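What follows is each chain in one-letter form.
There are 4 protein chains.
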Amino acid sequence: MALSDQQLDEIRSARANGTATLRPCAPALEEILFEPIPVLDHGFLRVIDYMGDDAAVVQAARVSYGRGTRKVTEDRGLIMYLMRHWHTTPFEMAEIKFHVKLPIFVARQWIRHRTASINEYSARYSILDKEFYIPDEAHLAAQSTVNRQGRGEILTGDEAARVLDILRGDAEKAYADYNWMLNENPDSTVADPSRSGLARELARMNLTLNTYTQWYWKTNLHNLMHFLRLRADSHAQYEIRIYAEKMLDVLRRWTPLTYEAFLEYRHGAVNLSRTALAVVKKLIAGEQVSAETSGLSQREWRELMDVLGRAQDGEGRRE
Amino acid sequence: MALSDQQLDEIRSARANGTATLRPCAPALEEILFEPIPVLDHGFLRVIDYMGDDAAVVQAARVSYGRGTRKVTEDRGLIMYLMRHWHTTPFEMAEIKFHVKLPIFVARQWIRHRTASINEYSARYSILDKEFYIPDEAHLAAQSTVNRQGRGEILTGDEAARVLDILRGDAEKAYADYNWMLNENPDSTVADPSRSGLARELARMNLTLNTYTQWYWKTNLHNLMHFLRLRADSHAQYEIRIYAEKMLDVLRRWTPLTYEAFLEYRHGAVNLSRTALAVVKKLIAGEQVSAETSGLSQREWRELMDVLGRAQDGEGRRE
Amino acid sequence: MALSDQQLDEIRSARANGTATLRPCAPALEEILFEPIPVLDHGFLRVIDYMGDDAAVVQAARVSYGRGTRKVTEDRGLIMYLMRHWHTTPFEMAEIKFHVKLPIFVARQWIRHRTASINEYSARYSILDKEFYIPDEAHLAAQSTVNRQGRGEILTGDEAARVLDILRGDAEKAYADYNWMLNENPDSTVADPSRSGLARELARMNLTLNTYTQWYWKTNLHNLMHFLRLRADSHAQYEIRIYAEKMLDVLRRWTPLTYEAFLEYRHGAVNLSRTALAVVKKLIAGEQVSAETSGLSQREWRELMDVLGRAQDGEGRRE
Amino acid sequence: MALSDQQLDEIRSARANGTATLRPCAPALEEILFEPIPVLDHGFLRVIDYMGDDAAVVQAARVSYGRGTRKVTEDRGLIMYLMRHWHTTPFEMAEIKFHVKLPIFVARQWIRHRTASINEYSARYSILDKEFYIPDEAHLAAQSTVNRQGRGEILTGDEAARVLDILRGDAEKAYADYNWMLNENPDSTVADPSRSGLARELARMNLTLNTYTQWYWKTNLHNLMHFLRLRADSHAQYEIRIYAEKMLDVLRRWTPLTYEAFLEYRHGAVNLSRTALAVVKKLIAGEQVSAETSGLSQREWRELMDVLGRAQDGEGRRE
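Chains as they are written, first to last, in the working numbering: chain X, 1 to 319; chain Y, 320 to 638; chain L, 639 to 957; chain H, 958 to 1276.
I should point out that these hints are in silico values taken from the structure, not numbers from a laboratory.
Just so you know, these numbers come straight off a predicted model, no measurement behind them.
A couple of the hints might just be wrong.
Calculated lysine to aspartate or glutamate pairs in the EDC-like style (CA-CA distance at most 16 Å, straight line) [claimed, not checked]:
#1 K768/L x E822/L
#2 K1238/H x E622/Y
#3 K601/Y x D1263/H
#4 K811/L x D767/L
#5 K1203/H x E992/H
#6 K173/X x D1263/H
#7 K1238/H x D477/Y
#8 K600/Y x E1244/H
#9 K281/X x E822/L
#10 K281/X x D944/L
#11 K492/Y x E810/L
#12 K600/Y x E1260/H
#13 K1130/H x D165/X
#14 K811/L x E491/Y
#15 K281/X x E925/L
#16 K1130/H x D306/X
When you get a sec, could you build the whole thing from the sequences and use the hints?
Next comes the structure, spelled out in structure tokens:
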């Protein structure tokens, strides 16, 4: 993880300077404010700023749904109620801003969530650092044989070694050539006066997709949870999921009641289709139901059996 | 303006309780945090929370466009540059939340700005207070004779008096009947046990559009300025413009550099069409240009002459 | 329902003039294009235009997830898969535009869905027609005694009659006074030359919230289904739900496969919380679970028993 | 430009099959529907579908602002009026969908416009083709010496040749290694049975940013013009501007009146700041104004002189 010395100085001085505010505070989040949380080999996540907390959600809900007493148990109940019934606007009333360093191919997945504000480091204006994501061997997986978008077994031996060599070698070669084409020294002076150097906005096209970029990413609590529901999920690609998992910790510090409701009604919840619900009713009534009589596809049947924690039939579990 | 005693207590206690935070603060905004700013006869505007300040804009821009020194003069120059060149994302990095009390017909204009989060007092769940907007006589205007959406001269004498009587009388009658249909006492007990009372979600349809509602309205600095550009404009209806004008003061306290840039490049700026630009070039070159030779419509010609502060021809200014 | 003669002429002529297009068509939707579908006493819903159909969803998904064969059975399977796994972007690739006439208090609920484009009839520029929503007696309900936002029993006898009289009387009085204040004849000439007339943007504030307005409402297939999930739900207020139910018919005509998937995975599906899932597993295993041992609140327990269609305990069903 | 034979077949058959529709059509756009418009060395742009035309804008505006006659001259005047006064919602009533093939680094700029629906070819599911953008020599520019984000002079001779060799060589090497790591034949069979092959979602990180991707991109007329205002501008990077310029042609075919208004009030218009407006007034009045007395920064002064087409002082025009 590479924060520059200047950035580290800024973090130290920002953390040294408390100010008085009349705004609501989230003490457990203040504890880690500005501090980089390492992710992957060179990436990180930092909370830069925030607005509101669980009380902001409750306050907004009470504007809409009327007033009441303010005990913590009631706040908790109200937040559980809002989450259960998909009342989303009160969760839009709190906001958070992250500074994230991440590989470009992860950034391309991430940015598909359009309901956030983003300022990304621009390689049109500035020069990217020489930092690439090289997976840990434990995450160097083969293509899944049963799922078009998943990973299968971990590569081993010569193939693993060769893959790591390729990833490292190609990224370094591409970066060295990027650097040569730019023709700039680290202090922005010209490296070789006999050459003009290629414009930054062009030279960047030579970089590989595992090069690290960074951005400020600001979103509200509702949209953060939407992001986490999709990206802290086991179907998400490991390289983005690991960021989402760190953000779950941030959510717990920031809005502990909302975090609890999120685990109960989103992250740990399941959606049963109309047909799956009918199957569940029959199972509870003690009726026999098989994949064939269920009305579900083979795949949905297996998914439902998984969700219900039931032993699979002879074919075993393939997916 | 009617804040309940409970709300006033809350404001007093919120303003009494400073906490330490590591987050950036806007001191001039903290001075008025939570305090109601009166608008119209019963409305108000309060800043409830905020995130970031001018420095947040600068910081985000520097992530995108590279680093530099941090003197105030440079921050000012950067903010002016960003505003001039329509770089919008850095201005999305600061956020503000208002509590607004406003007449329903104003709320219906306001909500057309979709890029905000809103929690409105719900008349499905709760009972609206007996408060209506009755215009001050100075704002009781006739329809414009030259503009389909504007106001003309101020009503006077009997007609003005009659209009005010109607507005007050119809609103009071409608509210009294709303109240009767609800069949609830102020303490939520049943008023007349011989009647069932009409559901709140139905009874509310009897209210007039000048009844006051209230909401939390949260948006970012960029979208706030977009709102202000349209609603603090002389073409906006007075009843929403007066809210926008109070928000301009808030903007000045919150982000003074951005405020200055907003006045320079948005609020006080003009957009010259391709044809109007050609006219301006000719005028600078000392050529004669008339409405007929300008290539502009009569209306655009008058608007351009207005913008340039030039005397009108014999017909005078009609709009 | 009041379309003007001019509007009816336009519908007739629009329906008479087919043109050839290379774009995908939805034949069952073309059958009802432009035709008003009556809703409530004076409202309607018309499909004005659309873009794409089920094939547009499939085509977009295949850009993302790769190519394959094109049989209908496979299209159906792909759409079911996309819906089940919350792949939303392919459903954004089809678009629809409605013309809706609706009471203002319904419009205020509706507009909270921000992901649509809206052009509403403006009472700043034009004069609203004399049309109000007066509920049918069968929908004149009391406030629910168990639910703060619901309806209870139907009003009867004198109270019902009196409520209808009030709603009709207050709306008519408010409209007549609106009309008097405007001081305009139907042909836009001045009614009483001795008076100036009040500006339209002011006079409108005297109208009651059951006055009808109209708008064009354009959204994509994904956002339409989000709207329908919330508004075609039994918890939605009747006066908006009835619009949503008519739109379900439109959805069936427009994108029959998506409609089928929507019923299966959204409209007829249930979300089980982490704790509710644990209860379901125990019930399937034949274990005894009661409200007390379930870990659920009383309210959630009742909701779960409802969903599972199980008989309630002695207290009966209260909500 | 590489459309597969299958895609070309599909285009031919789609263009052969007209259907009757009652919807409004844009004949000049139908002429090029589905046809690829070449952009850069391997990219293209195709209109896949659309909804509405100039009449849709007019129709929506008339819902809002009242009825009138329907002559073409009046439609033109209304569209000019809407554009001049920033009435945006009527332009949201028409929609268009493109299929675009573009280099990844261009896609990363493009996607920052969040108000569109996108389905991108997924390299998690599928294998990217071996196609990279290699700039034409005429566009191989040095970094600007006066502008941190612009281009300067064109590279020549050995340096140009070497840069092209690098771009081509690194992209080919990275792609060959991507291919080796995947260990798949073109028909999806395993290439070397002794190896597992790396998961697609990982292998893609080895590709360079000039690799081509493709997506469906759907937006409304208003947001399309916002995109074009920024990206068909001389400050935009050539590689995205060339796409925007082709889209301007599409706009002209689709909505000719809106296109005309766009050129007049956006593309060919200028924004004068408050201070610049004061300068213009003085110049028209025949007063002497210099950079020093103008109140403008040196840079803004030069920009204003450029806009007004006035000769620069001795230093010449540097930017």
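Check: So which of the earlier hints does this model not fit?
Finding: Violated hints: 6, 7, 9, 16; rest satisfied.
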